[in-house]
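A.B. asks: Sequence:
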Amino acid sequence: MTDPEGRGTGRETAGSEYAARLERLQSARWKRLLDVQRPYRWNLRRLRLGRTLDIGCGLGRNLRHLPEGSVGVDHNAESIASCRIQGLEAYTTEEFTRTPSGSPADVFDSMLMAHVLEHVAQDVADDILGQYLPMLRPGGQVVLITPQEVGFRSDETHVRFVDFGVARDHAERVGLVVDRCYSFPFPRPVGKVFAYNEFVTVAHKPA
Numbered sequence: 001m002t003d004p005e006g007r008g009t010g011r012e013t014a015g016s017e018y019a020a021r022l023e024r025l026q027s028a029r030w031k032r033l034l035d036v037q038r039p040y041r042w043n044l045r046r047l048r049l050g051r052t053l054d055i056g057c058g059l060g061r062n063l064r065h066l067p068e069g070s071v072g073v074d075h076n077a078e079s080i081a082s083c084r085i086q087g088l089e090a091y092t093t094e095e096f097t098r099t100p101s102g103s104p105a106d107v108f109d110s111m112l113m114a115h116v117l118e119h120v121a122q123d124v125a126d127d128i129l130g131q132y133l134p135m136l137r138p139g140g141q142v143v144l145i146t147p148q149e150v151g152f153r154s155d156e157t158h159v160r161f162v163d164f165g166v167a168r169d170h171a172e173r174v175g176l177v178v179d180r181c182y183s184f185p186f187p188r189p190v191g192k193v194f195a196y197n198e199f200v201t202v203a204h205k206p207a
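1 is the number of the first residue of the sequence shown in UniProt numbering; add one for each residue after it.
Certain hints may be false.
Stated by the list, open to error - Quick list of in silico lysine to any residue cross-link-like pairs, SDA-like style, CA-CA up to 25 Å:
| id | residue 1 | residue 2 |
| --- | --- | --- |
| 1 | 192 | 202 |
| 2 | 192 | 160 |
| 3 | 192 | 166 |
| 4 | 192 | 43 |
| 5 | 192 | 35 |
| 6 | 192 | 152 |
| 7 | 192 | 36 |
| 8 | 192 | 42 |
| 9 | 192 | 164 |
| 10 | 192 | 161 |
| 11 | 192 | 68 |
| 12 | 192 | 169 |
| 13 | 192 | 182 |
| 14 | 192 | 8 |
| 15 | 192 | 151 |
| 16 | 192 | 40 |
| 17 | 192 | 26 |
| 18 | 192 | 69 |
If you're looking for bench data, these hints aren't it; they were derived computationally from the structure.
Work out the full structure: start from the sequences and follow the hints.
C.D. replies: If you want it as structure tokens, here you go:
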């Protein structure tokens, strides 16, 4: 549950300061020179997601590499503005419900929630998943990505550690079937020393 000060509601990631922090982190010169996102782009491509709803899309780091027709949604208006500058289709949570894509009509092949669950309490996360699932076609994939130990500790807006077990519980509570869980890009123990190792949970919506 959320605490009395509102931690776990996602409030900490809704403002301009958080969007600016993401911009600073993602635009670091060494990251651009080394193309550190290459393996993560490859991981998304191999999942063959099709038209994807990217929930909590942030500045569009994943959205810009998702298949044509994919849409991002985020509660941070400044992050959405950044996505639009890049030519991406993205909406605030309030705007999205007023678009054709925001109608519960089984319009998406997949849903992606990358680095969202660790920012919100369990009940809030379940509500977010439940809100968007009607827009996913029967049989469609849901991909949940969360940080491992060092990555979790790197951001003070993280409110809970979401490992394979916690992510599986989220998926099953909203009626999804979990297909596989894996550590990426390195084996699970590396997450204790490498900030960018991730838990990846892949599930599907029953037909």
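A.B. asks: Hint by hint, say whether it matches the structure.
C.D. replies: Verification of the hints:
Simply put, residue 192 and residue 202 have alpha-carbon atoms about 22 Å apart, close enough for the 25 Å limit, and the pair holds. A threshold of 25 Å between alpha carbons decides the hint, and for residue 192 with residue 160 the separation of about 16 Å falls inside it, so the pair holds. The hinted pair formed by residue 192 and residue 166 meets the criterion: a straight-line CA distance of about 18 Å does not exceed 25 Å. At most 25 Å may separate the alpha-carbon atoms for a hinted pair to count; residue 192 and residue 43 meet this at roughly 21 Å.
Between residue 192 and residue 35 the CA atoms are separated by roughly 23 Å; this keeps the pair inside 25 Å, and the hint holds. Using a Cα cut-off of 25 Å, the hinted pair residue 192 and residue 152 holds, with the two alpha carbons roughly 10 Å apart. At most 25 Å may separate the alpha-carbon atoms for a hinted pair to count; residue 192 and residue 36 meet this at roughly 19 Å. Note on residue 192 and residue 42: the hinted pairing holds, with a Cα-Cα distance of about 23 Å set against a maximum of 25 Å.
Distance restraint check for residue 192 and residue 164: the Cα-Cα separation of roughly 15 Å lies within the 25 Å cut-off, and the hinted pair is therefore satisfied. Annotation: proposed proximity of residue 192 to residue 161 holds, straight-line Cα distance about 13 Å (limit 25 Å). Distance check on the hinted pair: residue 192 and residue 68 sit about 36 Å apart at the alpha-carbon level, beyond 25 Å; violated. Taking the CA atoms of residue 192 and residue 169, the gap is near 23 Å; set against the 25 Å cutoff, the hint holds.
Pair hint residue 192 plus residue 182 holds up; C-alpha atoms about 15 Å apart against a cutoff of 25 Å. With a C-alpha separation of about 24 Å, the suggested pairing of residue 192 with residue 8 holds against the 25 Å cut-off. Our distance criterion of 25 Å between C-alpha atoms is met by residue 192 and residue 151, whose separation comes to about 9 Å. For the hint pairing residue 192 with residue 40, the CA-to-CA distance comes to about 19 Å; that is within 25 Å, so the pair holds.
Between residue 192 and residue 26 the CA atoms are separated by roughly 22 Å; this keeps the pair inside 25 Å, and the hint holds. At roughly 36 Å between alpha-carbon atoms, residue 192 and residue 69 are farther apart than 25 Å, so this suggested pair is violated.
Hint violations for this structure: numbers 11, 18, all remaining hints satisfied.
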